[in-house]
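K.L.:
The chain contents come next:
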Amino acid sequence: MIFHVAKKEIKETFRSGQFKWMFGIVAILSLVAVFISHKHWQEKNLQREQAQEHARELWLAQGATNPHNAAHYGTYAFKPQFPLSLIDPGVEKYTGISIFLEAHSRNEADNVAAADQTGLSRFGDLTPDFILLFIVPLMIIALGHHSITREKEQGTIRIIKTQGISNGQLVWGKWFGNYIPIALLTTFLFILAAVFIQDFNWKFLATMWLVYLVYFAIINAITLVVSSLTSNSGISLVMLLTIWIVSCLAVPKIASSYTNEKYPYPTRQEFESAVAEDKKQGIDGHDPWSEASKKLEQETLKTYQVNRLEDLPFNFDAFRMQKGEEHDAEIYFKHNEKLREVYQAQSKVYKNLAFLSPFLPTRFMSMSLANTDYATHWNFADLAEKHRVEMQRILNDNFAENSKLGEWNYRADASLLSEVPDFQFDAPKFNEVMSSNQSNLLILTVWLLFSFGLLFFVSTRI
Amino acid sequence: MLSLNILHETRLLSRNYWFISLSMMLLALCLYAGHNGMKHFERRQLDLQAAIENQVAKEQVVQEVALALSKGEEHPSSFRLSPTNVAIATGRLATMPATEMSKLGIGQSDLYAHQLKITSREDLATMSFNELTNPVQLLFGNFDLVFVITYLVPLIIIAFSYNLRSQELESGRLKLLASSPIRTNLWLLQRFIIRCCSLTAILTVALIVTALWIGVALSSQLLVFFLITYAYLAFWFAISYLVNILGSSSARNSISLLSFWIVIVLILPAVINQAANSIYPTPSRVSLLNEIRETKKELSEAQDQVLDEYLRNHPELIRNEGENAFGYWQGYFASQEIMEKTLAPLVDAYDQQLEKQQKWIDAWRYLSPAVLFQDGATQLAGTSSKNYNEFKGYVKSFSLNWRAHFMPFVFDNKMLDLDDLDNIPEFEYRSSIGASGIWINISVLLILSVLMALRGLGLEGKRQLL
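Line order of the protein sequences matches chains A and B. So in our numbering the end of the first sequence lands on 503, straight run, no missing numbers. So in our numbering the end of the second sequence lands on 568, straight run, no missing numbers.
Hint data in this document are derived by calculation from the structure and do not stem from the laboratory. Just so we're clear, the structure is a prediction, and the values are computed from it rather than from any experiment. C-beta: ideal position from N, C-alpha, C; glycine also. Hints may contain errors.
[Unchecked claim] Counterexamples of contact, computed for chain B against chain A with all Cβ distances above 10 Å:
(1) Leu128
(2) Arg145
(3) Val163
(4) Leu257
(5) Thr302
(6) Ile440
[Unchecked claim] Output of the computed footprint for chain A on chain B, the stretches with three or more beta carbons under 8 Å from beta carbons of chain A:
(7) 229-241
(8) 248-254
(9) 378-392
(10) 451-462
(11) 473-481
Let's have the full structure, built from the sequences with the hints guiding it.
P.N.:
See the structure below:
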């Protein structure tokens with residue numbers, strides 16, 4: 042019976058002019074979104090690959106040079122563009138993509154794309170995730186808001202019931218009838234994106250596809266719940282749109298405003314001042330006269346049981362430089378950990394508020410699977426810092442071991458530069474992504490069970 | 103007919119629980135959005151205050167050293183008066199204070215920094231204007247008054263008016279009305295105008311209560327904000343009026359109006375923005391990074407020639423102290439200027455593309471009244487892209503002046519004294535963005551509303567009453 046109802050619904054849907062228009066518009070928007078996203082993705086990918094290669098070439102082209110000069114010359118770490126960012130660019134537009142790795146300073150990621158765009162970009166971009174997260178739910182509402190109310194308004198519900206169908210069978214038949222065209226459209230969009238992306242990990246893509254199917258299943262169930270509870274299609278539509286606006290637009294914005302008020306980030310100026318203040322308290326690699334440097338000098342002389350710095354078996358200038366570097370790294374670590382605490386507190390609020398709307402867990406899981414979420418950006422920044430610290434250690438050690446005190450014109454062999462490894466940032470593994478998204482998965486499952494439970498409940502009340 | 107209509111509508115509205123509850127909801131939404139705007143404003147002010155205090159403390163230290171030296175005393179930190187120390191370590195703070203109107207629309211203010219330390223070491227090509235923010239917040243946006251009016255108020259209008267004619271048509275009363283000696287479309291227009299005035303009054307009360315609560319003083323800008331809000335409201339009532347006349351059933355009207363909402367508020371802004379980015383793509387910033395490094399390297403390898411070239415361009419800085427009079431910093435600043443000149447075409451390309459994107463959006467914004475409203479409202483709030491581009495321009499220009507001011511001291515190897523400290527350039531940002539663009543937006547919204555109303559009236563007797 043469910044099958045018959047679903048078949049009739051699908052047939053009716055495909056026959057309706059309204060559906061043809063809607064489907065046509067959404068299909069065209071999807072094609073345009075995938076095509077444009079692919080074009081931009083390819084351009085950006087090429088730019089980043091070339092920039093990464095060029096940065097390495099420039100680094101190696103320094104030739105024989107003083108290791109500390111090389112440390113100041115520095116290099117760049119570029120965040121790679123992951124394949125599924127074509128479907129969901131996530132927060133990429135708002136995070137920087139390159140970090141300058143140099144001596145004494147941990148730099149923040151820069152080159153924020155949103156800063157090179159107009160204010161209109163805050164309305165959103167025409168990308169596949171925009172269609173999946175905002176437009177497809179609207180399509181589900183437009184198709185399903187009158188599924189049951191129409192039968193009530195036209196009086197056909199009594200005729201249907203005389204056929205021996207139970208309320209449950211009718212509602213589930215309607216659910217499938219409304220869901221199958223949407224599932225087909227979603228699958229079409231993912232296949233289209235997969236054809237364009239080509240090189241991707243199917244596990245991530247398939248999971249993302251499933252997450253969206255679950256999201257649409259929830260919206261479809263809520264749509265039918267409202268349609269079953271109301272007796273007028275207009276009221277059903279207004280109610281469903283209110284739910285859509287609250288879930289997809291209002292709740293994320295409220296969550297954002299609330300989080301910002303409760304756990305604000307320091308301003309960049311505040312953050313940099315605090316770091317600079319702390320840095321002053323310790324060893325500055327370039328300042329041999331400071332109290333901290335003098336203390337280090339005395340301690341080193343005592344450890345090596347010599348009276349003069351010249352008698353040390355290494356270049357004390359470079360040794361002090363390394364100690365200064367370690368001190369700076371500790372300070373940056375401390376302040377970034379504070380920042381991380383704020384970020385984690387904010388993330389916790391977002392996770393808690395995700396119960397308010399199925400949009401939020403879907404949004405977070407989608408970004409996470411596309412490796413375009415904020416957590417991936419933090420991993421990138423952490424790895425870049427680790428790379429910077431290691432780079433400084435290699436350079437300072439070489440300087441200390443191969444030169445004498447005051448020998449600032451020392452030049453290390455060009456081979457030293459290749460000892461510093463090329464920066465490499467890989468996407469997290471599938472299991473890591475899934476385990477970091479346990480709460481989102483749980484919330485999405487709760488939403489699915491809740492909406493289905495509600496649908497079972499209302500099916501007894503038609 | 104008008105007075106009867108007013109009486110009838112007022113009675114209907116006062117007995118309509120939806121209207122009363124939606125009005126209460128509107129007030130609650132405005133208050134909550136206003137609260138968010140106020141908190142954002144307060145935080146901006148506190149951050150600004152903290153940054154200013156921090157800067158004043160730094161400048162105070164330099165002043166104290168200068169004062170001691172001017173009295174002929176010795177000071178262990180006399181190095182603080184070196185031009186490089188004042189120009190780089192002390193620097194100047196460039197600030198963009200928040201206006202009271204920014205409580206109404208957060209706009210781009212969560213993306214950009216409002217206090218930047220200007221130092222002579224900063225390269226224009228790599229200057230960053232971004233604030234430290236959780237990007238998820240930027241992605242979701244803020245729940246402010248501009249959001250409430252742009253997105254939510256049109257839906258309230260739709261809910262209030264989608265069935266004003268179709269309800270009469272469906273119940274058969276419209277035929278009865280048509281048999282009376284009145285023009286039904288004029289009668290309908292009057293109902294729409296009465297409803298529009300009622301909602302305008304409620305929104306005005308809600309906005310005034312919010313403005314009083316969050317502390318936005320009455321100003322010409324606030325009045326213009328009210329005007330653009332009214333014009334936006336008028337547009338949505340007008341489109342609903344036309345749909346009512348053309349539509350044959352309440353269900354169809356609601357679908358049509360909501361489709362318009364989706365297209366105007368969601369799809370068109372995204373399409374216009376995407377088109378702007380595709381037609382005028384911003385050049386690659388990542389490629390620029392390597393260009394900068396390469397140029398810097400070349401200049402550092404040819405330091406002597408760089409200094410010679412720089413002095414040829416700045417003969418006023420030449421001193422008769424022999425070739426070796428100039429050291430690291432002179433070479434550094436000379437390289438910096440030459441590097442900026444070399445990279446200027448590349449750096450300017452970004453600003454030019456952004457300008458072209460803005461022009462494209464300015465030209466196509468008329469397609470979406472939501473964009474017209476948002477553009478005007480954020481400009482009034484001082485948080486639009488235009489405001490931030492203007493601020494960036496001020497900062498870049500001040501940065502050049504700041505550096506130029508210290509060059510004679512650097513090349514003279516001269517320490518600064520108390521008088522020199524008094525003559526250091528001050529940063530001042532004054533927005534000169536006029537309201538002409540906003541008046542155009544208001545006019546377009548009103549013209550569209552009037553045209554739709556006239557079209558509706560022109561269809562009198564041309565629609566079936568079945």
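K.L.:
Would you mind marking each hint as holding or not holding in the structure?
P.N.:
Status of the hints after comparison with the structure:
1. Leu128: Fine: 13 Å to the nearest Cβ keeps leucine 128/B off the interface.
2. Arg145: It is violated; arginine 145/B is separated from chain A by about 6 Å at its closest Cβ, not greater than 10 Å.
3. Val163: Holds: least Cβ distance 13 Å, greater than 10 Å.
4. Leu257: violated, 7 Å
5. Thr302: holds, 21 Å
6. Ile440: With a cut-off of 10 Å, isoleucine 440/B remains clear of chain A, as the shortest Cβ separation is near 18 Å.
7. 229-241: Satisfied; 12 residues make the cut.
8. 248-254: holds (count 3)
9. 378-392: n = 11 at 8 Å, threshold three: holds.
10. 451-462: Three-residue rule met by the segment 451-462 of chain B, so holds; n is 5.
11. 473-481: Coverage by chain A holds for the segment 473-481 of chain B (4 residues, Cβ < 8 Å).
Of the hints listed earlier, those the structure fails to meet are numbers 2, 4, in rising order.
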